[in-house]
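Visitor: Use the sequences and the hints to build the structure in full.
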Amino acid sequence: MAITVTEAAANRAKTFLQNRGKGLGLRLGVKTTGCSGLAYVLEFVDELSEGDEVFEDNGIKVIVDGKSLAYLDGTQLDFAKEGLNEGFQFNNPNVSGECGCGESFNV
83 MAITVTEAAA
93 NRAKTFLQNR
103 GKGLGLRLGV
113 KTTGCSGLAY
123 VLEFVDELSE
133 GDEVFEDNGI
143 KVIVDGKSLA
153 YLDGTQLDFA
163 KEGLNEGFQF
173 NNPNVSGECG
183 CGESFNV
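The C-terminal residue of the sequence shown carries number 189 in my numbering, and the numbering is unbroken.
By construction, these hints were calculated from the structure, which means they are not laboratory data.
We put the beta carbon where it would ideally sit given N, CA and C, even for glycine.
Taking CB as the label site, the calculated pair distances span:
| no. | residue 1 | residue 2 | range |
| --- | --- | --- | --- |
| 1 | Lys-149 | Pro-175 | 16 to 24 angstroms |
| 2 | Pro-175 | Asn-140 | 18 to 26 angstroms |
| 3 | Thr-97 | Glu-129 | 18 to 26 angstroms |
| 4 | Asn-101 | Val-189 | 28 to 36 angstroms |
| 5 | Ser-178 | Arg-102 | 29 to 37 angstroms |
| 6 | Leu-166 | Leu-130 | 33 to 41 angstroms |
| 7 | Phe-126 | Glu-89 | 17 to 25 angstroms |
| 8 | Asp-134 | Gln-158 | 18 to 26 angstroms |
Guide: Here it is in structure tokens:
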């Protein structure tokens, strides 16, 4: 089981964490929502919770809870700029379909 982070995503996350002034890393998870069923959640982590798995890649720690890991195993966290838009992208090999708006997915 693994979560990986591209260099671009790691650099962006490091900038966010430095500007914030604290944090162990980023929490990657899923929540039930949208028309396809699941959506990604990305937030700062200040302390670990019971059952958390910690993955470190390119100097960034990504923390995933046990329930979310079943949907996220093998995911690569990336960061991209396209014109005026920029943001984190999730390259998840477990996704079998996405909604038309791209906000949610199913496995």
